[in-house]
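For reference, the chains in residue letters:
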Amino acid sequence: MTNDQAKQILQLYRPGTADAADPEFAEALEACERDAALKQWFSNHCALYAAIRSKLKKIPVPEGFKEQIIAERQVHRTPVWQKVVLAAGALAVACMAIMFVSSHIRPSEPHDFASFRSYMGGVAEKGYGMDFNSSDLDAIRTFLAQNKAIADYVVPENLQKNAKALGCVSTSYQGKSVTMVCFQTGRPVTDPAHPSDLWLIIAANTIAKDTPQAAKPKFEKSNDLITASWTVGNRTYVLATKGDAQFLSKYLSAAAVL
Amino acid sequence: MGPGLNFESVVERFYEPLFQFAFGLTHAEADACDLTQQTFYVWATKGHQLRDQTKVKTWLFTTLHRAFLESRRRQVRFPHYELDEVPLDLPTLAPATVNELDSPQVIEALGQVDELYRAPVALFYLEDCPYKEIAEILGIPIGTVKSRMARGIAQLQTILTRGDRESHRERQND
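So the protein sequences, as listed, match chains L and Z.
Sequence positions in the first sequence follow numbering that gives the first Met the number 0 and run 0 to 257.
Sequence positions in the second sequence follow numbering that gives the first Met the number 0 and run 0 to 173.
Worth flagging that the hints you see were computed from the coordinates, not collected in a lab.
Among the hints, a few may not be true.
DSS-like cross-link-like pairs, simulated, lysine-lysine; straight-line CA separation at most 27 Å [unchecked claim]:
no.: 1; chain 1: L; residue 1: LYS38; chain 2: Z; residue 2: LYS54
no.: 2; chain 1: L; residue 1: LYS175; chain 2: L; residue 2: LYS217
no.: 3; chain 1: L; residue 1: LYS56; chain 2: L; residue 2: LYS160
no.: 4; chain 1: Z; residue 1: LYS54; chain 2: L; residue 2: LYS6
no.: 5; chain 1: L; residue 1: LYS57; chain 2: Z; residue 2: LYS45
no.: 6; chain 1: L; residue 1: LYS208; chain 2: L; residue 2: LYS160
Quick list of simulated restraints, FRET-style, between CB atoms [unchecked claim]:
no.: 7; chain 1: Z; residue 1: PRO103; chain 2: L; residue 2: ALA91; range: 20 to 26 Å
no.: 8; chain 1: Z; residue 1: VAL41; chain 2: L; residue 2: GLY128; range: 40 to 46 Å
no.: 9; chain 1: L; residue 1: MET0; chain 2: Z; residue 2: SER8; range: 42 to 48 Å
Cβ atoms here follow ideal geometry from the backbone N, Cα and C, with glycine treated the same way.
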């Protein structure tokens with residue numbers, strides 16, 4: 000390394016800094032040790048650096064400047080209550096957006112009758128809160144009518160005779176009103192909280208696109224239940240229980256079954 | 000803002016070197032105050048995004064330098080020189096000469112350095128940052144940092160030498 004090369008490197012050397020550990024400077028610093036003239040030049044460079052640095056370091060900071068910066072910050076800072084209000088607002092907007100999007104992009108549930116039957120069977124089996132408890136079918140109908148639920152249904156004659164009414168539930172399926180009248184067949188009650196074991200489900204005959212329109216019951220298994228479905232007028236019925244079609248037939252009108 | 004990095008402690012630690020850097024760039028107290036204030040304002044609003052707390056100093060100096068460049072609306076693309084292209088034309092300036100000068104004279108001389116070289120020169124004398132950090136602050140490669148520094152230092156020393164000659168001449172005339 001020539002002296003000029005060493006000077007070129009060392010002119011950017013800052014004494015007292017991490018530059019001493021920089022390998023690029025290290026070689027030039029070694030060169031200084033071997034050459035007296037270069038060493039003198041380097042000594043002058045370091046002294047000049049220190050002199051200029053000390054002068055520039057004396058740049059006076061205006062009095063009270065630090066306090067001014069901190070005070071400005073406090074002026075710009077959003078109060079905590081405002082942050083809470085903003086956060087709550089943002090959360091509400093986000094929730095509404097999610098609800099809107101989910102209600103619009105949610106894949107539509109199948110509108111076929113089997114789905115309706117399966118859904119209502121699930122409601123019957125997995126538990127529900129009885130809206131009205133009574134063994135009186137007339138009282139049940141009155142209650143449903145008063146509550147603007149479906150009340151213009153016809154209970155099969157054999158069902159009235161062979162099963163005991165326990166109460167009713169007014170519910171909905173895909174926004175459409177559904178009534179469920181609950182019965183006990185006389186079989187031993189396994190769960191006292193849910194003594195019903197036979198359910199008459201009544202909905203509009205438009206509840207599904209493929210709602211059976213025949214008055215003659217059609218038997219179908221739906222999960223653990225045997226169901227019979229039929230339509231009379233503008234009402235579609237599903238009678239469901241555990242067991243088989245023969246057992247269920249006892250609760251349907253003889254004429255209908257035949 | 001990370002733990003242990005509350006606004007007041009960051010201001011306490013960096014307001015002075017930032018102001019001095021800004022003053023070195025703008026050569027005007029009001030402008031330096033504005034730049035420093037603006038830097039801390041940006042820190043208050045965006046500082047929490049900085050994950051590596053050891054980079055606070057670099058972050059602040061980078062922000063201040065960007066704000067300075069933005070304030071000048073510099074559209075000129077500056078030429079880049081490699082260090083070996085920079086002529087070794089440092090004037091002979093004795094440390095004693097500088098020691099005789101007042102601080103404002105040196106600051107004024109820095110203000111006369113070409114704006115392109117002023118930030119590297121200010122960082123060269125005022126801060127002890129490694130060259131890698133200076134390159135980050137200025138947003139240019141290390142080679143360019145060094146070439147600009149070398150040219151800026153040469154300019155500063157020329158200005159100081161010239162000033163010394165003029166004041167010497169003035170003293171003789173008196």
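We went through each hint and held it up to the structure:
1. L:LYS38 - Z:LYS54: violated (36 Å)
2. L:LYS175 - L:LYS217: Within the cut-off at roughly 22 Å; holds.
3. L:LYS56 - L:LYS160: violated (105 Å)
4. Z:LYS54 - L:LYS6: Measuring from Cα to Cα gives roughly 32 Å; hence the hint is violated.
5. L:LYS57 - Z:LYS45: Distance ~31 Å between L:LYS57 and Z:LYS45 Cα, so the pair is violated.
6. L:LYS208 - L:LYS160: violated (33 Å)
7. Z:PRO103 - L:ALA91: 20 to 26 Å: violated (58 Å)
8. Z:VAL41 - L:GLY128: 40 to 46 Å: For Z:VAL41 and L:GLY128 the Cβ distance comes to about 59 Å; the hint is violated.
9. L:MET0 - Z:SER8: 42 to 48 Å: Taking Cβ atoms as reference, L:MET0 and Z:SER8 lie about 45 Å apart, which means the hint holds.
In terms of the numbered hints stated before, the structure departs from hints 1, 3, 4, 5, 6, 7 and 8, listed from lowest to highest.
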